[in-house]
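Participant: Following the hints, complete the assembly by docking chain B onto the known chain A.
2 protein chains.
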Amino acid sequence: MLTVAIDAMSGDGGTGIIIDAVRTVLGQRSDVHLVLVGDPDHINQHIGSVPLPDGRYSIVPASEVVTMDDSAAVALRTKKKSSMRIAINLVKEGKADACVSSGNTGALMAISKFVLKTVSGIDRPAIAAIIPAIDGHTHMLDLGANVDSSAKNLYQFALMGSILAQAVDGIERPRVALLNIGSEDIKGNEQVKLAAPLLANSSLNYTGFVEGNEIYTDKVDVVVCDGFVGNVSLKTSEGVARMVSHYLKEEFKRSLWNKLVGLLARPILQAFGNRIDPRRYNGASLLGLQGVVVKSHGGADALAFANAIDIALLEIGHNLPSMIADRLGETLNAA
Amino acid sequence: MLTVAIDAMSGDGGTGIIIDAVRTVLGQRSDVHLVLVGDPDHINQHIGSVPLPDGRYSIVPASEVVTMDDSAAVALRTKKKSSMRIAINLVKEGKADACVSSGNTGALMAISKFVLKTVSGIDRPAIAAIIPAIDGHTHMLDLGANVDSSAKNLYQFALMGSILAQAVDGIERPRVALLNIGSEDIKGNEQVKLAAPLLANSSLNYTGFVEGNEIYTDKVDVVVCDGFVGNVSLKTSEGVARMVSHYLKEEFKRSLWNKLVGLLARPILQAFGNRIDPRRYNGASLLGLQGVVVKSHGGADALAFANAIDIALLEIGHNLPSMIADRLGETLNAA
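Chains as they are written, first to last, in our numbering: chain A, 308 to 642; chain B, 308 to 642.
The shape of chain A in the complex, shown without the other chains (with noise of 0.2 Å):
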């Protein structure tokens, strides 16, 4: 059984997307089992009359919430009943393989940073994502947890980036590059530059280095950045992704006649809605602590925070912690 305990209190949506995303969670998987963490009140109320799968759940009681506006270090230090807090207890002691929460990303990262500790030889955890590509998926690092890192942070990054994408995708040696402004050496700022031959000196497949078009493409499995930039992109992407769909819409609405071949298109532009979801990309990995912590957007519905839950037991199931902590350790000892 693998077994997930859930931050029900978290996210924009409230609770109710959240068990809507644990009924289709349970309906998929015999082998998962969810602990429900937060006022028990209030999340037998969103269970209301239809009644989740009988043993496949529990509900575990937390009698406060991190807020979005809570500082991380507030959180840390007053929230010790929070059902974030309770969620990633559970990790520590081994009545959970994973979490996952749509709650405030600073104050989880620092949470679970205290409770659940970084592997050794990681100094910050990261967050990772998986980006869509014109021919697959992109993994990219770090995502936000981590603004002004150093050469050493982006080396580490791409360390635990090659790990994963090892696991999740069983390719042997993932082509791994540093994000940067010019594909030329002189190119970036000093954090890049230093990286640059850390990585190409690792036992690391560096490619070296990629530009923003180039996480799109199938040029690369790994994107290293610095938070505050991964964090840009990412949201950038969102963006342009938005927009390129309302300009879309609009076409299809300009004229009776757009109307009319609109419908006809209708299953074409669905597929293809689809596939620009970024609900089906939602769930963002805490990578480098002792434990599985994947954070859901906060805006997240119930498919997306279902896709969440996924990315976690896909990491459990290849037991990704101890993978990073075991083959950095070989990596950090061959050093």
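No wet-lab data here; the hints were simulated from the structure.
These figures come from a predicted structure and were not determined experimentally.
Take these hints with a grain of salt, some might be off.
Note: identical chains are not told apart, hence a pair may lie in one copy or across any two.
[Said to hold, decoys possible] BS3-like mimics (lysine-lysine), calculated; alpha carbons at most 30 Å apart, straight line: (1) K566 / K459; (2) K399 / K388; (3) K387 / K424; (4) K526 / K459; (5) K459 / K424; (6) K566 / K402; (7) K459 / K560; (8) K494 / K399; (9) K560 / K526.
Facilitator: Okay, now just chain B, sitting in the frame of chain A:
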């Protein structure tokens, strides 16, 4: 007569596409004179048997070319007879009102700064471009001229961006925002956190932080960021737009029926394609110089290069460098 010096030896597409663009612009506007800078034989060969309109253009010889591999320092010091250098010299000498080049960005920036000098109050010029948004467009800077921008640099970019939006869009109080990874004050890297109070206490209509996805909305007129971040964001956008177009084409090719619907939908898809066509946004301004310099994408085709010339003409029409110098003087004297 508005006179624009064209670096006719620049760009991946060669002189042919530049001549095509010149032909387009001269056909559309009767108030423009274009100066083609480069090897006269080479240029005349590309003009070929269909002459350009008499008296509407001239050729100024240049015996060298700045290559994409030249470092900015080498280009500045050793290529004094290059088409890029001579085109910029023409602006300095008052023989042209603006210069357009598809060449090496670093070299263009270094030579422009050396020859034309920055406007008083500006330490480092910035690269600005017009980004499409759901309703209208956004001005964004810096897009790669400056990595590791300080808070003071960001403040100067904000001042210039605001004047640009005033001039080009006729907005009295453009909404200026700082690109960040969250809307809360505690988020961001050091430079952004330090820049925020500088903007808040200025005469600018500063609206706070925006995230990557908000660049493409109508929440803001000017987005200010470090050049590394801006360049990644811009290129990410290109990558996403290309991937999305690829997906859309794939869906319309998936079956014979889809192909038939695609034929019907063709004019609609074409109108959509035109709206996200990056060529229509080609042409980035080097702001903060005592002269108009526009950088065209290296891979620009004739349509895209013509657009870059149009941007130069727009900025000349608004007398942008003097406008920046005057308003900046007022702002800095008032401070």
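Participant: Now, for every hint given, state plainly whether the structure supports it.
Facilitator: Hints versus structure:
1. K566 / K459: neither (54 Å within a copy, 51 Å between copies)
2. K399 / K388: within (15 Å within a copy, 68 Å between copies)
3. K387 / K424: within (17 Å within a copy, 58 Å between copies)
4. K526 / K459: Classified as within: same-chain Cα gap 24 Å, cross-chain 37 Å, threshold 30 Å.
5. K459 / K424: within (19 Å within a copy, 38 Å between copies)
6. K566 / K402: neither (54 Å within a copy, 53 Å between copies)
7. K459 / K560: Answer is neither; intra-copy 51 Å and inter-copy 46 Å both fail.
8. K494 / K399: Cα proximity of K494 and K399: across copies only (28 Å, versus 43 Å in one copy).
9. K560 / K526: between (37 Å within a copy, 24 Å between copies)
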